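S.K.: Go by the hints and put chain B with the ligands onto chain A.
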Amino acid sequence: MTELKDLNTKEIPTWCPGCGDFMILASIKKAVADMNLNPSEVVVVSGIGCSAGLPHWIETYGFHSIHGRAIPVATGIKLANHGLTVIVVSGDGDGYGIGLNHLIHAMRRNLDITFIGHNNQIYGLTLGQTSPTSTQGAKTVSTPHGSIETPINPLSLGLASGATFVARGYAGNTTQLTDLIVKGTKHRGFALIDVFQPCVTWNKINTFDFFKQRVYDLNSEKFNTSDLNAAFSRCQELGERIPTGLFYQTETDTYSDDLPQLKEKPLVKQNITNVDIKSVLNKYK
Amino acid sequence: MILMKDFVNWKIGGEAGYGILSVGVMFGKFCTRNGLFAFNSSEFPSLVRGGHNTVQLIVKKTPALSQYFEVNLLVALNAETIEKHLNELSSDAAIIFDGKEIDIKKYKTKKSHVLIDIPLTEIAVRHGKKIMRNTVSLGASIALLGLEFDKLEQLIKEAFAGKKDALIPINIAAAKEGFNFIKNRNIKFNYQLKEQKQKNHIFINANDAFSLGAVKSGLKFVAEYPMTPSSSILSFMAAHELQYDIVVKQTEDEIAAMNMIIGGGFAGARSLTATSGGGFSLMVEALGLAGMTETPAVVVESQRPGPSTGLPTMTEQGDLMFALNASQGEFPRMIIAPGDVTEAFEAGLNSFNFAEKYQLLVLVLLDKYISEGNTTVKEFDYSKFKINRGKLLTKAPKNYLRYAFTSDGISPRVLPGTLGTVYKANGDEHNEKGVSDESEENRIKMMNKRMKKLDVLKKELPEPKLYGDKNAKISLIAWGSTKGIILEAINELQKQKIKVNFLHYNYVFPLKEKKLLELIKKSKKVLLVENNMTSQFGKLIAQETGILFKNKLLKYTGRQFYPHEIVNAVRKLK
Ligand SMILES: Cc1ncc(C[n+]2csc(CCOP(=O)(O)OP(=O)(O)O)c2C)c(N)n1
Ligand code: SF4
Ligand SMILES: [Mg+2]
Numbered sequence: 000m001t002e003l004k005d006l007n008t009k010e011i012p013t014w015c016p017g018c019g020d021f022m023i024l025a026s027i028k029k030a031v032a033d034m035n036l037n038p039s040e041v042v043v044v045s046g047i048g049c050s051a052g053l054p055h056w057i058e059t060y061g062f063h064s065i066h067g068r069a070i071p072v073a074t075g076i077k078l079a080n081h082g083l084t085v086i087v088v089s090g091d092g093d094g095y096g097i098g099l100n101h102l103i104h105a106m107r108r109n110l111d112i113t114f115i116g117h118n119n120q121i122y123g124l125t126l127g128q129t130s131p132t133s134t135q136g137a138k139t140v141s142t143p144h145g146s147i148e149t150p151i152n153p154l155s156l157g158l159a160s161g162a163t164f165v166a167r168g169y170a171g172n173t174t175q176l177t178d179l180i181v182k183g184t185k186h187r188g189f190a191l192i193d194v195f196q197p198c199v200t201w202n203k204i205n206t207f208d209f210f211k212q213r214v215y216d217l218n219s220e221k222f223n224t225s226d227l228n229a230a231f232s233r234c235q236e237l238g239e240r241i242p243t244g245l246f247y248q249t250e251t252d253t254y255s256d257d258l259p260q261l262k263e264k265p266l267v268k269q270n271i272t273n274v275d276i277k278s279v280l281n282k283y284k
Numbered sequence: 000m001i002l003m004k005d006f007v008n009w010k011i012g013g014e015a016g017y018g019i020l021s022v023g024v025m026f027g028k029f030c031t032r033n034g035l036f037a038f039n040s041s042e043f044p045s046l047v048r049g050g051h052n053t054v055q056l057i058v059k060k061t062p063a064l065s066q067y068f069e070v071n072l073l074v075a076l077n078a079e080t081i082e083k084h085l086n087e088l089s090s091d092a093a094i095i096f097d098g099k100e101i102d103i104k105k106y107k108t109k110k111s112h113v114l115i116d117i118p119l120t121e122i123a124v125r126h127g128k129k130i131m132r133n134t135v136s137l138g139a140s141i142a143l144l145g146l147e148f149d150k151l152e153q154l155i156k157e158a159f160a161g162k163k164d165a166l167i168p169i170n171i172a173a174a175k176e177g178f179n180f181i182k183n184r185n186i187k188f189n190y191q192l193k194e195q196k197q198k199n200h201i202f203i204n205a206n207d208a209f210s211l212g213a214v215k216s217g218l219k220f221v222a223e224y225p226m227t228p229s230s231s232i233l234s235f236m237a238a239h240e241l242q243y244d245i246v247v248k249q250t251e252d253e254i255a256a257m258n259m260i261i262g263g264g265f266a267g268a269r270s271l272t273a274t275s276g277g278g279f280s281l282m283v284e285a286l287g288l289a290g291m292t293e294t295p296a297v298v299v300e301s302q303r304p305g306p307s308t309g310l311p312t313m314t315e316q317g318d319l320m321f322a323l324n325a326s327q328g329e330f331p332r333m334i335i336a337p338g339d340v341t342e343a344f345e346a347g348l349n350s351f352n353f354a355e356k357y358q359l360l361v362l363v364l365l366d367k368y369i370s371e372g373n374t375t376v377k378e379f380d381y382s383k384f385k386i387n388r389g390k391l392l393t394k395a396p397k398n399y400l401r402y403a404f405t406s407d408g409i410s411p412r413v414l415p416g417t418l419g420t421v422y423k424a425n426g427d428e429h430n431e432k433g434v435s436d437e438s439e440e441n442r443i444k445m446m447n448k449r450m451k452k453l454d455v456l457k458k459e460l461p462e463p464k465l466y467g468d469k470n471a472k473i474s475l476i477a478w479g480s481t482k483g484i485i486l487e488a489i490n491e492l493q494k495q496k497i498k499v500n501f502l503h504y505n506y507v508f509p510l511k512e513k514k515l516l517e518l519i520k521k522s523k524k525v526l527l528v529e530n531n532m533t534s535q536f537g538k539l540i541a542q543e544t545g546i547l548f549k550n551k552l553l554k555y556t557g558r559q560f561y562p563h564e565i566v567n568a569v570r571k572l573k
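Each protein sequence line maps, in turn, to chains A and B.
If you use numbering that gives the first Met the number 0, the first sequence corresponds to residues 0 to 284, in order.
If you use numbering that gives the first Met the number 0, the second sequence corresponds to residues 0 to 573, in order.
Okay, chain A solo, but in the shape it has when bound (with noise of 0.2 Å):
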């Protein structure tokens, strides 16, 4: 039995006081747990900033590697071990920016990954720049007269991705984040989990009365999660209320699925001591 304490680490997180990170931090224990993961066949997977220091508070493996390529690494160790559960931690700067060609191709290869981005609209550790998702308007270090661009919708994003489980979260719902991360990581194929996380130190628009007050859960009311028109339409409205939970999922092939070279072992499990090349260098006669 994995138990929550089983994945507290001796370092304690260095993220300031209050901050949403924290509740990502406690709503992934409390799904790795749920599920009863062996800590030592997760890998949680980050770039950089300050979500990025989450795998260090999580007792299982981590890798913390560069900003915005969390996810072609995560994609490696995948590849290499399918039968390790991958989670990639990211940000909206390291996600949905630097990184963001990574996205799009992980969701349209659907490879078995659940991907939780950090969204806190801003750069928090190089202190309070204007990034991909902040607020048209929104006045940063950088953008001092008002952001100008319109910001990226993520979900809108990943459906036209062809990401296979589209959620989005709020970091001030553990329950609901919780079930989304658990949901995401057990769905078949790549998860895209969007998260509301206010940054209480450079964000003074998205905090977390603003979203108090605004968020709703998109699955207390009948809807159709299949529906990938509704999930697009519903994924748009953030005006005075702001839908979160499963927007979509559909079952399909998982890329290592499609892989005959998978099929028997993962292939860090597979035997490289007699190869024989025999009949290829044959050709070159």
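No lab work stands behind these hints: they were computed from the structure.
With beta-carbon atoms standing in for the labels, derived distance ranges:
id : chain 1 : residue 1 : chain 2 : residue 2 : range
1  : A       : Gly238    : B       : Ala403    : 51 to 57 Å
2  : A       : Lys282    : B       : Arg184    : 33 to 39 Å
3  : B       : Lys513    : A       : Lys282    : 37 to 43 Å
4  : B       : Ala541    : A       : Thr206    : 58 to 64 Å
5  : B       : Pro396    : A       : Asp275    : 33 to 39 Å
With the C-beta cut set under 8 Å, the calculated list includes, among others, these residues of chain A facing chain B:
id : residue
6  : Ser39
7  : Glu40
8  : Val42
9  : His55
10 : Arg68
11 : Gly82
12 : His104
13 : Gln260
14 : Val267
15 : Ile271
One side of the interface only, derived from the structure: several residues of chain B facing chain A at Cβ under 8 Å:
id : residue
16 : Ile261
17 : Ala285
18 : Glu378
19 : Leu414
20 : Ala424
21 : Asn425
22 : Asp427
These numbers were taken from a predicted model, which means no experiment stands behind them.
By construction, the Cβ of each residue, glycine as well, lies at the ideal position given by its N, Cα and C atoms.
M.R.: Okay, now just chain B with the ligands, sitting in the frame of chain A:
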């Protein structure tokens, strides 16, 4: 008296899309099966169709180690071939051309040239399609050189077997007609080849040779984004992915490719990426991630001339300094620069052992010249090869520390999934456990630990090989793909009674100095040879030993050296 010659330098030229590359490889294989040695090189612009393409094949009774300048048999599929390459012809060279398409009188050919007007197009079209002119001219070429037809027939069968069976009889018929065209005429040609006894030879280029070695050494994961001249590694791997259970992923970009193999290596699969300079530029940040997390990774960088897109289908040794210094900070890496296809195979075999044993980044520098230059060599010997995964543990010891300090700097490694422990791979400076640690004390210890691996590796590496006369007073020094050209030059110099020796670096970094220092002490004249403008290897040697080279032969036209250029430079040494 006519001096008969038992070699030939054959060149075929025409537009891209004329099937020139494939016929070059077929001819090389044909010669190899005849027990002869062939070396092929090609020159083509960055176009899929059109432009001027040439393929050259030197064929000899003894190992053919490089391209040659002087052409003895020119097959001109268009007029441009004659225009551009007339000046390369030996005085007794032959030209095969189609008089209906090329007015040979327009060109200043010599009386001594053997002009062979064959209705290539008419024959090709009659049997099938115009593209088969390549097969017709190949049939004619082998007849002219005095070789038998049967092995060509077999090769054509193999080339089209399977999907394109219908092409077999028509190609054989076309080749045969080209062959008979020559046989039915009494043409005197000074260059005559004879079938030789030696067998068990293969005809292969460095990309394929490296790939085969990598497969043999247990490669399991390839992530690559196509870029000339490395792309054939991707297609080789893809073609064999099911046979060897290798996962081959064409990625969204080279950043992804490099980071994916870091993930693959971390998880425990022998992982490879390959690229050229432009893609390598994109990988740079991740190289340091491999260094910092001590993740085994093998990267092939097949060089082409930069900067930027440069000369995308040509060759240069221009990226050594870049490979040595790419990525911020200081971390250990290893650089191998195979000098020929056999060394490329060995690099494929051994890179993963080095990468896993020392838990570091191994860079293999090839270039267009050897990546695509097929060579006849003895079948590769891998009978002594053993997989060495270094300090890889299947069970975690008590209180396991992933980055434990050890006397050789190498820490025992367990793979994620190993029960009873967990750890973090961390691109931030970290302590033995992998936890971020910015203290001065830890920083020094960790830097020393990682760099220690380089010292240990250096001790294991062989000294560079010395070729030629040990006691010669003239020494050549080079690295990577200039090897064969210099060896041919040494043979030529020997004939001219000039004694030279040659120190060749296959393992470029960490740099072994002992033999170099001895040689430089003994030699009167030392010439550094590099296919770049700024003598990058010379800079590395200066950096590591303080030695500065007075004499340098540098070529940066985007083409590789010819042996005669080396010979001339040696003769001019003061
Ligand atoms: C290649 C590169 N460019 C820039 C940086 C500096 N940098 C570190 S974190 C970061 C932004 C992080 O923002 P986000 O992903 O939203 O994470 P947050 O800190 O908000 O959780 C930047 C620009 C870097 N580490 N690497
Ligand atoms: S800067 Fe913002 S995101 Fe980063 S730890 Fe502090 S509150 Fe959290
Ligand atoms: Mg952010």
